[in-house]
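Hey, can you work out the whole structure from these sequences and the hints?
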Amino acid sequence: MNFRFQNLLGAPYRGGNALVINNTELISPVGNRVSVTDLIKSQTSTLPVQSSSNICRIAASPDGVFLLTVDENNRCLFINLRRRVVLHRISFKKSVNAVKFSPDGAYIAVATGKFVQIWRSPGFKKEYFPFELVRTFADCDDKVTSLDWSPDSNYLLAGSKDLTARLFFVKKLKTRTKPFSLLGHRDTIVGAHFGVDKKTNRVCKVYTITRDCFVFSWVFKGDEDESDKMEEEEDASEPPSPATPDRDVEGNLEVDDGRNVKKRKESDGKDIDLDEEGGGYLQRGKWVLLRKDNFMQAPAKLTACDYHRELDMVVVCFSNGVFRLYQMPDFVCIHLLSISREKITTAVFNDLGNWLIFGCAKLGQLLVWEWRSESYILKQQGHYFDVNCLAYSPDSQLLATGADDNKVKVWTVSSGFCFVTFSEHTNAVTALHFMANNHCLLSASLDGTVRAWDLFRYRNFRTNFVKLMVILFSKIPETCYLL
1 MNFRFQNLLG APYRGGNALV INNTELISPV GNRVSVTDLI KSQTSTLPVQ SSSNICRIAA
61 SPDGVFLLTV DENNRCLFIN LRRRVVLHRI SFKKSVNAVK FSPDGAYIAV ATGKFVQIWR
121 SPGFKKEYFP FELVRTFADC DDKVTSLDWS PDSNYLLAGS KDLTARLFFV KKLKTRTKPF
181 SLLGHRDTIV GAHFGVDKKT NRVCKVYTIT RDCFVFSWVF KGDEDESDKM EEEEDASEPP
241 SPATPDRDVE GNLEVDDGRN VKKRKESDGK DIDLDEEGGG YLQRGKWVLL RKDNFMQAPA
301 KLTACDYHRE LDMVVVCFSN GVFRLYQMPD FVCIHLLSIS REKITTAVFN DLGNWLIFGC
361 AKLGQLLVWE WRSESYILKQ QGHYFDVNCL AYSPDSQLLA TGADDNKVKV WTVSSGFCFV
421 TFSEHTNAVT ALHFMANNHC LLSASLDGTV RAWDLFRYRN FRTNFVKLMV ILFSKIPETC
481 YLL
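So that you can map any letter, position 430 of the sequence shown is 430 in the working numbering, and since no number is skipped, the others follow by simple counting.
It is possible that part of the hints are untrue.
[Claimed, not checked] Beta-carbon label-pair distances, calculated as ranges:
{"id": "1", "residue 1": "Phe465", "residue 2": "Ser423", "range": "45 to 55 Å"}
{"id": "2", "residue 1": "Lys292", "residue 2": "Arg341", "range": "28 to 38 Å"}
{"id": "3", "residue 1": "Tyr392", "residue 2": "Gly184", "range": "52 to 62 Å"}
{"id": "4", "residue 1": "Val65", "residue 2": "Leu390", "range": "47 to 57 Å"}
{"id": "5", "residue 1": "Asp142", "residue 2": "Phe465", "range": "53 to 63 Å"}
{"id": "6", "residue 1": "Arg309", "residue 2": "Glu132", "range": "21 to 31 Å"}
{"id": "7", "residue 1": "Met435", "residue 2": "Asp142", "range": "53 to 63 Å"}
{"id": "8", "residue 1": "Phe385", "residue 2": "Leu352", "range": "35 to 45 Å"}
[Stated by the list, open to error] PhoX-like mimics (lysine-lysine), calculated; alpha carbons at most 20 Å apart, straight line:
{"id": "9", "residue 1": "Lys199", "residue 2": "Lys178"}
{"id": "10", "residue 1": "Lys161", "residue 2": "Lys100"}
{"id": "11", "residue 1": "Lys286", "residue 2": "Lys205"}
{"id": "12", "residue 1": "Lys379", "residue 2": "Lys407"}
{"id": "13", "residue 1": "Lys143", "residue 2": "Lys161"}
{"id": "14", "residue 1": "Lys93", "residue 2": "Lys114"}
{"id": "15", "residue 1": "Lys94", "residue 2": "Lys161"}
{"id": "16", "residue 1": "Lys125", "residue 2": "Lys94"}
{"id": "17", "residue 1": "Lys221", "residue 2": "Lys178"}
{"id": "18", "residue 1": "Lys205", "residue 2": "Lys221"}
{"id": "19", "residue 1": "Lys143", "residue 2": "Lys301"}
{"id": "20", "residue 1": "Lys178", "residue 2": "Lys114"}
{"id": "21", "residue 1": "Lys100", "residue 2": "Lys143"}
{"id": "22", "residue 1": "Lys362", "residue 2": "Lys379"}
{"id": "23", "residue 1": "Lys178", "residue 2": "Lys286"}
{"id": "24", "residue 1": "Lys343", "residue 2": "Lys362"}
{"id": "25", "residue 1": "Lys379", "residue 2": "Lys161"}
{"id": "26", "residue 1": "Lys41", "residue 2": "Lys379"}
{"id": "27", "residue 1": "Lys221", "residue 2": "Lys292"}
{"id": "28", "residue 1": "Lys343", "residue 2": "Lys292"}
{"id": "29", "residue 1": "Lys221", "residue 2": "Lys199"}
{"id": "30", "residue 1": "Lys379", "residue 2": "Lys343"}
{"id": "31", "residue 1": "Lys161", "residue 2": "Lys114"}
{"id": "32", "residue 1": "Lys100", "residue 2": "Lys114"}
{"id": "33", "residue 1": "Lys362", "residue 2": "Lys407"}
{"id": "34", "residue 1": "Lys178", "residue 2": "Lys161"}
{"id": "35", "residue 1": "Lys301", "residue 2": "Lys362"}
{"id": "36", "residue 1": "Lys143", "residue 2": "Lys94"}
{"id": "37", "residue 1": "Lys205", "residue 2": "Lys143"}
{"id": "38", "residue 1": "Lys93", "residue 2": "Lys143"}
{"id": "39", "residue 1": "Lys161", "residue 2": "Lys41"}
{"id": "40", "residue 1": "Lys100", "residue 2": "Lys171"}
Read the hints as simulated data drawn from the structure, not as lab findings.
Just so you know, these numbers come straight off a predicted model, no measurement behind them.
Note that CB positions come from ideal geometry on N, CA and C, so glycine has one too.
Below is the structure:
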């Protein structure tokens, strides 16, 4: 018989960051594998690829075709999600704390230690070394904790443990310029995000969120001449088509000593003015701190956050299992809810911003919450301790598991979801058995009971207590006492 891996049950989430592609497909790391959950069809599947250790960081391309995974041994896999195969592999020298594709899909930003590396994204074809290192930024003094790209893929925002956020210009300049530094934080930066002007789709603000429950709002103050020129260009130009995204033009950028941007040439010989292209507009101007707000969750620490650029909303999660949803830039709290007993380790919006995805690594908990209707789309949780036993139903449609956390969970094999959890046992569950009619489940536990569960009404309808016999052996040969 040939056995082929089909699915992974029992642990919907075990750490790392989760993400959403195509607005309805949830991708979450589970140990050294990756699970994909279709939130519309309510089905989950596990990719038939695995890493050498637990996966700590994942990133998906904007079109949802490629997936990048990095494990605890700093080994990276480049996966084709449609074919469900590994295309390329690479190993980093230091631990990876953040990784993100650029909006145009051409580059991958990797925060390895205190360095920020820009890699060219590989394609479908086979190459000897598909990953090409484009740039390395070594301006941070401590580990880089968060990354965010500007919509035009020209700027990269990096937050670090050195209490600063830095703005990097991705393309190389003729003269070296120092990155903009956003200072004034008192704790590690958990998230740093770009905000855009909805009319021009250009970066105009930045939000930095720190571990001590503060959010800093920064605004960009450009030159007046530049702003007037931008308005004239916007009036004269036609709106871009959403179906034909702009393509990056190859070539080198040049900046003279007077900070005036010169022209550059394409491979076909055409001249392109950077002022007309608008690629370096953030290089001229300054950043000003607009306001500083406190989430008021002390002594809890902020553990995860995310920002939705179109809705201008921020979700923040804390170590006490509480999350808050804010409307920016007015800092208006829309929702406050406690969803877990442990710290929330990941939080992310879907593409439309109507769903919030939360993950708790310690409890193995994965939640999808719709904030407008205040209802759960998905709520899954694995066993807290080790699984001791399992049993298949006679028709092979159900799978029951028992663990040291005193719980019995029943899973649907086709969807991979747990639909009922029994927690009446007071000690570890050691044995499980389905009855022939497939409507009853028996479980035995170290608490001295055997319980029968009704799988129609989801209740315990019979409990048998087993008498424990203790045999004491005396020092006298061939003598024992039965209690």
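Hint check:
At roughly 18 Å, the beta carbons of Phe465 and Ser423 sit outside the given window of 45 to 55 Å. The supplied range of 28 to 38 Å is met by Lys292 and Arg341, whose beta-carbon atoms lie about 30 Å from each other. Distance hint check for Tyr392 and Gly184: the Cβ-Cβ separation is about 59 Å, which falls inside the suggested range of 52 to 62 Å. For Val65 and Leu390, the Cβ-Cβ distance of about 35 Å falls outside the hinted range of 47 to 57 Å, so the restraint is violated.
About 59 Å separates the C-beta atoms of Asp142 and Phe465, a value consistent with the hinted range of 53 to 63 Å. About 28 Å separates the C-beta atoms of Arg309 and Glu132, a value consistent with the hinted range of 21 to 31 Å. Look at Met435 against Asp142: about 59 Å separates their beta carbons, and that is inside 53 to 63 Å. Under the hint 35 to 45 Å, the C-beta atoms of Phe385 and Leu352, about 37 Å apart, fit the expected range.
The suggested pairing of Lys199 with Lys178 is violated, with an alpha-carbon distance near 29 Å, which exceeds 20 Å. Taking the CA atoms of Lys161 and Lys100, the gap is about 18 Å. The hint holds against a cut of 20 Å. Restraint check: the Cα-Cα separation between Lys286 and Lys205 comes to about 11 Å, which is no more than 20 Å; the hinted pair holds. A distance of roughly 17 Å separates the Cα atoms of Lys379 and Lys407; the hinted pair therefore holds under the 20 Å criterion.
Under the criterion of a C-alpha separation no larger than 20 Å, the hint pairing Lys143 with Lys161 is consistent with the structure, at around 5 Å. Of the supplied pair hints, the one linking Lys93 and Lys114 holds, its CA atoms being roughly 12 Å apart against a limit of 20 Å. Restraint check: the Cα-Cα separation between Lys94 and Lys161 comes to about 16 Å, which is no more than 20 Å; the hinted pair holds. For the proposed pair Lys125 and Lys94, the alpha carbon gap of about 28 Å is over 20 Å, so the pair is violated.
For the suggested pair Lys221 and Lys178, the alpha carbons sit about 18 Å apart, so the restraint of at most 20 Å is met. As the CA atoms of Lys205 and Lys221 are separated by approximately 9 Å, the hinted pair is consistent with the 20 Å bound. Of the supplied pair hints, the one linking Lys143 and Lys301 holds, its CA atoms being roughly 19 Å apart against a limit of 20 Å. With a C-alpha separation of about 16 Å, the suggested pairing of Lys178 with Lys114 holds against the 20 Å cut-off.
Note on Lys100 and Lys143: the hinted pairing holds, with a Cα-Cα distance of about 16 Å set against a maximum of 20 Å. The suggested pairing of Lys362 with Lys379 holds, with an alpha-carbon distance near 15 Å, which does not exceed 20 Å. At most 20 Å may separate the alpha-carbon atoms for a hinted pair to count; Lys178 and Lys286 meet this at roughly 13 Å. A C-alpha spacing of about 8 Å is found between Lys343 and Lys362, which places the hinted pair at or below 20 Å, so the restraint holds.
Distance hint between Lys379 and Lys161 is unfulfilled; the C-alpha atoms sit about 33 Å from each other, more than 20 Å. For the given pair, Lys41 sits about 14 Å from Lys379 by alpha-carbon distance, which is consistent with the 20 Å threshold. With a C-alpha separation of about 18 Å, the suggested pair Lys221 and Lys292 falls inside the 20 Å cut-off, and the hint holds. Of the supplied pair hints, the one linking Lys343 and Lys292 is violated, its CA atoms being roughly 24 Å apart against a limit of 20 Å.
Restraint check: the Cα-Cα separation between Lys221 and Lys199 comes to about 17 Å, which is no more than 20 Å; the hinted pair holds. A hinted pair counts as satisfied when its Cα atoms are at most 20 Å apart, and Lys379 with Lys343 qualifies at roughly 16 Å. The hinted pair formed by Lys161 and Lys114 meets the criterion: a straight-line CA distance of about 9 Å does not exceed 20 Å. About 16 Å separates the Cα atoms of Lys100 and Lys114, which keeps this hinted pair within 20 Å; it holds.
Annotation: proposed proximity of Lys362 to Lys407 holds, straight-line Cα distance about 16 Å (limit 20 Å). Of the pairs offered as hints, the one joining Lys178 and Lys161 holds, with about 19 Å between alpha carbons and a cut-off of 20 Å not exceeded. A threshold of 20 Å between alpha carbons decides the hint, and for Lys301 with Lys362 the separation of about 16 Å falls inside it, so the pair holds. Between Lys143 and Lys94, the direct Cα distance comes to roughly 10 Å. Compliance with the 20 Å bound is thereby established for this hinted pair.
Pair hint Lys205 plus Lys143 does not hold up; C-alpha atoms about 24 Å apart against a cutoff of 20 Å. For the suggested pair Lys93 and Lys143, the alpha carbons sit about 14 Å apart, so the restraint of at most 20 Å is met. For the suggested pair Lys161 and Lys41, the alpha carbons sit about 40 Å apart, so the restraint of at most 20 Å is broken. About 17 Å separates the Cα atoms of Lys100 and Lys171, which keeps this hinted pair within 20 Å; it holds.
The structure shown violates the earlier hints numbered 1, 4, 9, 16, 25, 28, 37 and 39.
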